[in-house]
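*Asks:* Starting from two chains that each stand alone, build the complex the way the hints lay out.
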Amino acid sequence: MIDLFKSELLRFRLWAAVAFAVNLAVLSFLSRMMDLAQQPIFIYQLFGMVYVVAGALLGLYQMGTYRKPNQWLSLLHRPLHRLKIAGALSGANAVLLLVATALPILLVCAYQDTMTARVVDTRHWLLPVAAWWLAVSGYLAGAYAMVADRRYSFAAFLLPNLFMYAEASGVAMLGVQLVVIVFLAVLLAIAFKPDPSSVPSRNPLAVLAVALPVQVGAYFLLWLLGFAAELGWNVAGTHPLNAPEPPKGGYVQAQRAKGKDLLLLGIQDSRDPEAALWREQIALSDVYTTQPLRNLPVRNSLTNISPLEFADGDNNLMLVFSHDSERFVTRGLRDQRRIGAMGVGAEQAAFPAPTIPHGAMYLYNAHAVYQYDSEQQRMFERARLPPGEVMASPLEPAGDNILMFSDRAAYFFPGREAMSSLDLLKPLMRVPMSGQVGNLSRVDVVELLDGYLVSYTYTWGVWSGELQQPFQQVLRVDGDGHSREVTRRALSMDLPSMYTTRNVWLSPVIRELCLGAQDLFAASDPLRMKPQPMPASILWLAGACCLLSLLGAVWLTGKQAHSTSGRWGWVLLCGVIGLPALASLWLLYPMRERLDDLRLAQPAAA
Amino acid sequence: MGPPRRALQEIKMKTFPNLLGALACSVPLWIAMPTRADDAQALRTAIAAERARAPARQYSRTAFEVSRALQSVRLSPDGRQVAYLRQLGQQRSLWVLPTTGGHARQLLPRTEADELYWSRDGRWLFAKARRSLATLAIEGRDGVRIALDNPRGMLRVDPSQPAAVVLRERVRTPSGERWRVVRRDARGQRTPLWEDERYIHDVALDARGRLVALMRFDGDHDALYRVDGNGRLREALRWTTIRDQAGLLAATPEGDLLLDGDVGGNFRRVLRLDRGNVLRTVHADPRGEADLDRVVLDPATQQPAVVSYRSTVATTHGLGAAQAQVAAITRQFPGRDIGITIGNGPGAAWLVSERASTLRDARWHLYDPRSGRLRPILEQEAKGSPPPPETALARKLPFAYRASDGMRVHGFLLLPPGLDTARVPLVALVHGGPINHFRTDYDSIAQLLANRGYAVFQSNFRGSTGLGRDYALSPRGDYGNGRVQQDIVEGVRWLLAQGIGDPQRVGIAGHSFGGYSALLGVTFQPDLFKVGVAGAPPADLGWSMRRLHEFGNQGAGAERSLAVTMRLLGLDLDKPESYAHLRAQSPLANAGKLRRPVLLIAGGEDRTVPIREVIHYAAMLRHLGKDVSLYVEPDGGHSPTEPLPRDAYVYLMEEMLHRHLGGAKPESPSPALHAHLKSALRIVGKGAP
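Protein sequences appear in the order of chains V and S.
Under this note's numbering, the letters of the first sequence match residues 1 to 606, in that order.
Under this note's numbering, the letters of the second sequence match residues 1 to 689, in that order.
Next up, chain S with everything else stripped away, as it sits in the complex (with noise of 0.2 Å):
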């Protein structure tokens, strides 16, 4: 017998939840163009090419909506099965596929689990739930239904036992709370790990099933600490999280540690912890300007064996043994975004996922690491509503642009196909955040636009994350009508100049952050913007810090403070002084200079940013008399996700840019689209159908 193979598992980064919960980054895309645009050269070849398509059609709204058919296709760690979720209508099962070939198997014909993790021996499923993760015998019926006292529960499956995971509790005392580290088996049994009046963000454990090291949030920073056989801590590095909380991906047979985070440097990568705390790069992006997305280990070894970039370009590299595999699945797949899950043995399939900012849906393939071939699965269960062909859609176009201040700002270009750039409406989408990003991948919105005949700008403004440290902090809290307004407005006019859409014919829109930016744009630059269309937007982003650090969802909580978060961006929440500018600056207090029409789209009840601060601006423009429409989701949250509000966001934006812009006209809205609009459209528009 030859050496086995080694079997990797994937490990998904755990993200800091939304600050400001964005709405324009929440859907996971891939990006078709491994070019690097950082120059008017290399845009202007791209554009061409764009220029020369086909026209595409009108698609309606829902095309553009990506299927949630398949969710959660997980590879086991033999490479056998393949487990995923399938959503019929509101139910929800779980199935098995045989890599060998035949049917899948339903597991459960209805479930409420929205994740999916295989044991390591790959006998059992863990299927997490929000509240619960139920265990569930792949062969028999046996399992168990363990319940979590927060969603953020599950730590990760146990690497040490062969079905076991590790689990977070929360244990309430008279004088607050404690973090308990336990690990559960298939079978329920519970073995408490660790207890600790901090909150645990992540754990290793060595070969024997003994925590050897925990990350925990110390108030005001993040530490990694190792644990000695008495249980003692010893403190082996700390940091402070923008965003995105570093991970440990495992503890080696010699003691060292292996995690994912930008400790110690710029951007985030692979690190490796040795035992004399001397910290080494593993592997970082090749280019030199994106964060380490995503890392897949080997877990035989524990060592890093994919490793996966997303933030200009979207490359993904093999490590160590598997990078000649790697490579020769990524060159069957040109300009895709790919994802690799590998089994252990020599006959074990990998599971290949293809994405593309074209490519609204995923598409699944097994790859036969001993043939080189690859073969598709899931495709009748990915089918949900028919998508718009690729064709039809439009690539990402990366590209970069110096800013007034000689910083190299970075965004991505959407182009209708075939259409004169110069003769389109261009649309800024600015993502919210602000510590957020716009990725390589599929953009309903985005998408929509370009089909409705816009020119579409997603700036990845200073300030954004997934380019690195520096980047994200560089703002030094000019968030106002300042610098970070500025890289948005500069990145316009620069297309401009580039002969990318009709000067004339320009708009903003985002959410969140982006529809604070919205407002300032056609505040202060009405010049540049003629219309505005805010989703969620702080009328004073000031106002807003301070009331979500005191009252809102993600104010200090055990596991994080926005009140350092805010520090590091430069806005001290005990110093007003040093967001006063912010509300100087604000749309609510320059709410007279508006010229501009503008929509508000908001939820009820939005616990990040409050209706009442989007109603307040609205009742001061309307007071004004300025041009303003309101739709309020009466039950909403931060982000629409019933389809019947999603679908009026997207109306209303069609709509409010067709009037003002000169875009395709919308479909006209369906009759339960038009009595919703008749009682959730609080203000309409003067000039509005």
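So here's chain V without its partners, still in its complex pose (with noise of 0.2 Å):
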């Protein structure tokens, strides 16, 4: 084993060093460019799956250049356990991956954190890991898909896509990344044998695990057939997104609608004896719009949603948040040289939550909101929120006062002290919120002589089959802070609930699965929402589906070769999971050869 696993190593040895190369220049002139520490989120997106594409490139080629018949003999017909060969290639693979990803972004980290001022917390030091990790993914996924059956082992390449989606952060995200990476190696496993194309059929759990990523690959391949219809509604042009004028009432022209004819829109049923002036008030008016926060970022989170950083160049200062230190860590705009760290206050206390510049004058995290001081070189704390309650969207300008939103509640505070002191704000007012945060999609805000006018519109996720009843609610809010409704407007969906719901009605069971596979290791996050129950009639639909899957699986293993308790299990699996478990039950086993097909050799012609 020792020496296949030497031979693999040299084999590759040159591609490895070229990777290294290749990898530790550029990341080394952009390190010289920039901070690589301190990027959004999409530079590391890009470079992960340039990794993972590498490593399914790598997968690809090595197990195709064995899976020839022939060659892919030779490499069994070893005094060796299958599973010790697939270990030495794989491991000699992983092994190069780990010098052509890993060390390149070990070395850069080596040198910002002792030749240079900038930030390298315990996090950046994760991320060598990570793009290890990200490129045995792809590896496994690429030897998989060539090892396998090419009916459906391409299959595997969507498990290294859940990294994009997953919510987990930090050392859980290594975690969804080794649970990604044990499942593919598992999958290897199964396959690594003399007939690989072979679906294992004494061991229901190896089925269930080929058949997995089939299902999943099947359930995503049906959700997108459904964009057709959208292409064919674009094409016929009565698609909403694309109509001259979007369906009255519905949730596209909420979306566009400038603030004051959605306020307009909100009002315009409605009979208070105000409602005439408001409405005279709101078109002469300026709205103010605001849209929540979708995340916020989390302490040793491995990326940044934007960087944690901002200039003062009065003073000649760079400051850069430290998740190690919870502070923002201070060096020379100019000079690069390092200078100290500067928390809250005077007493320089620690954030309570990574923050993140906001505009010209603010910061946040989930908790606060704060503002830097140059004069002073000091930060101030303006606004706090309540225990329980995490930021929807930091200080905004609404008019005379400055507006902030939590998970919950709007909070006003006075623009007259927030513009003349640095003292922590008291708000004036607080307006609970109706609905989820996470099903909000935009707040317009309009001042009357005392109080506001509120739109809270309520659209987020209405075509992804998360939010069911969407709705704009209108509050009228005093001088008090006291606030009542005036209006609440059913908003219609503008496509066919049966379209948007089609990622629950395809297979409830799936959609689960794979809700479960994002949250994976997760903390719970306020900004976001659980989707909301479905209605009775896509639940029928999709009853009916795996009804329908059931019946197929019934009529389809009965012309496939199966054992009876593994006919009667697919049957139930197809029941239970529906449509793309039928799809994977095609895919996976070939029809059962007739005699009747089987053409008759014909005898030479004298």
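Bear in mind the hints are in silico, worked out from the structure with no lab data behind them.
Just so it is clear, the structure is predicted and the values come from calculations on it, not from any experiment.
Backbone N, C-alpha and C define an ideal beta-carbon position, used for all residues, glycine too.
One thing to keep in mind: the hints can contain errors.
[To be verified] A few chain V residues facing chain S, derived, Cβ under 7 Å:
1) E274
2) Q281
3) E375
4) D400
5) E447
6) L449
7) A544
8) L547
*Replies:* Structure below.
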């Protein structure tokens, strides 16, 4: 085994060396130009994709060279257990990927830590591991895709895609990567046998493991096919996004409307005695529109939503948030010399959570908003949320006052004190939010003589099946902060419910599985909401699909070679999972050959 | 050698920030007519003179804008150099001109400074910007930059040191804030002088640089304290401030304090407080009607040397040894408003500024006290856009009339030259504040309206400042459709009775409080006022005051209390009944009565009169089907500052008055203005183009 491992190492050593050199050169160049530890998330995603693709190509190539029948027999015809052979091959490539991906990042990390004043936190030292595991997951997916039956094996490439959507962060994200790697390794182990195209028949768990990515793949494929319907609506010119005027009273109209128009739509049917005057006021006023945050910076996350840094040109300062010290680390803007650290207030207290610059004036984290005063070179806490609430939108101007949202309420703070002092602001009023912030897509506020009209529009997730009852609510908030509902307007989805919920009725089980995978090891996020329950009609449709799938499985398994328990197991699986399971059944098992299908050999013509 | 000439240092009176941000009185101007016209005959004589002048052609709107080319012209204490800021486009530079002749020298090609101060030794300049103070050596390249924690952090040049200033610093503490007075020398060396829990308005230093007195805001009044050798405070005086802070001018070697203020009397004047705390008047307006506007000290003796009064007729007087020279200068500028800074030494030049209501941009002269000759300087530097010639501009005619309750009310009148005054439309311009006043100086809007053929009445109704404490406090809270408004209305009717203005073509315009008055006029006096133009108008003054106190940018602060000022004016913010009449008499509550067209102008970011108040009123008028126009400068503050919004303001006013009163047609808007109006004009009134 060790010989095979060594030979594989030697075989790809040049590739690894070149990849190492290129990776190091690119990272070094970029590191000279910018602080690689403080890049927005898409930069890390871009590098991650490159590593996954590189690993996948390596897996495809390596196994592709062995997968030809003669080489495969030769490979496996060794006095070694098949799993040891697989372990030697994949182990060697894992080492090579370590050199090509993790080592350059490690070197750049070490450079930044020892030779620059940039911030290198513990979380940054995990980046080499993450990059390596990304590449390894790509490699295993590629290797499995090449080794197993290609009718379904490419479904394995879906698994690394989970990294794009996973909610976990930091070490938890490494856990997600590890789970995917283990799962792909299991798949490769299952397929790594003399007849890799055959589906294991005796081990139901192995069957499920092989079938799972195929079913998920079929699920996504069917879901994607739904877009053909949208294409048709586009061609016909009836798609709500492409129509000259969006459907009235719908989601698209609410999304596109200017704040003024949306508020007018919101109160168009109001019988409030003041409504007529409000209409005039709205038409003349500036409307302040806010969209809530979808993510907050998480302590020790591997990446950044956006850079946690800002510059103070007047004082020649660069301030970078350190997750380790929970303070802003300061260095010279021009000489790049390390200066010190800056916490909150005169006490230089630690920030309670990673803190991110917002606009020209403020910084925020999950719990509070801060202001940096360049003259005193000090951070001041300006607004604080009550315990149990998290930031949904930091301070934004709203006429005389400034506005902040938590996941539960809107807070109005005095604009005068905000401008004239650096003290902690006391909210003038708190307006509770009746809906869920995870469904909130926008808030539109207009000042009245005493108070505000506030419009909450809850449409987030309406086309992804997460929100079933979108609506707009308009509140009248008086000068003392008392609010009353003026109108609540149900909004239509603009697309058929059957279309927007297809990710559910295609397979409620796989949807739950996907949502579970997305939240694997992730801390709960108050800014995200659980999907709303489906309408009964959609549940009936899902049941019908499962029944159809069950019946299809009865028919299909009759034409495939299965043991009795295997056959009824599949029938049951199709009944539970639905159409994607039926698709996987069709892909995994060839149809049983019938005698009359066999073409009789014709005697050669004399 | 003869005795050294007194070096005179001009002390600019510190002004209380605009209470309601008056625009109408924001441009410094100076009087052309030294005539006191407190009776009809005197006014008729002046009117006849205006009637006899040649009519003026129409000038472009931009020609009336005061040039910003030359700012902060300052004579060095030794009289050898004049420093000034020069604005070219967006770039401001700092220059020094030798008074002995020769070319000006550029010290800084680019600066953010808006105010210059000379050090006592004349070897350093202090260039103050909004948040910083730069020191500059006149010879060499030395200098430091000192951060100011607020725009009013500069207290004064330290008269006890060769080159130092006294600054006020705000110190944040866990429980609030404290105020520190420090000396900063030209090289940045910092010496703490005092620290206090209260806001320090001003300080006085003795010859050794020790702080001997301070003026402090004590929550509900101002107070003057003497500081003894042990750092203990002894209260010497206390008073309440209406608008302009009292100032500590100097401490004499005998221990007397010189100050300017209206403490212990009606008018603001130069005062001397001796060691026994006996207060004496050093100089007050000889006419007995105006507050002191500016005082210039002799830095050698710390005695007042030149005083000026500018509320009705601009007069400048010399005191003591300067009396004869000042009189000689003013004789050479009959009818002009003269400002004087004196150099220290027998050969030192004096700097003389020349202003008038018909002179758009100030002129500058150097005076040789030995020969008595005057030499104009900075003529090229002062040139911006060409101003209208003085022959085309209207002279400001000061006059007074008896209100129906017998009180003598002041105002100014501008008449279009050469026109029949009985047939011209009349516009009443109301100043903001209301604690503010129209001055004797050039006023761009009034001049433009006069050039367009309107007679312009600028009312310094009771409640205005500059005319004594009693005058300012006389409304006793009657700011609705009451006594103050009556002063304006009666002033208009009095002018009509004198044959000034066509009674069928009278309009009213103003900004801030003036805008409020304009709304009151078209709401309650529609038979008199046919049209109203209201800039940043509070539609309900009671609501505005309350809101300004609670949320506005001029509420309770360390340096003053709006509530205290309001109480002085007869409006107790803690007693709603004291201003309930303002709500009942407000244009908002009486919107249904409006019968005249009205133009509303507002700033989208106004922190004094919030845009929501103007919009609420405009929406109400629209809802009621009234003829209203609304222009909102998107990012504008209480008054427009940028050229395009200023042009829009004036154009809309011109157009509105032309349409409803028949004055000259405004020149067409430029493409840029047209585009701006398209987006900023939120309601277009009936019949508007």
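*Asks:* Look at each hint and say if it fits the structure.
*Replies:* Hints and how they fare:
no.	hint	in the structure
1	E274	violated, 10 Å
2	Q281	holds, 4 Å
3	E375	holds, 5 Å
4	D400	holds, 5 Å
5	E447	holds, 4 Å
6	L449	holds, 4 Å
7	A544	violated, 55 Å
8	L547	violated, 60 Å
Going down the numbered hints, you'll see the structure goes against 1, 7, 8, while the others check out.
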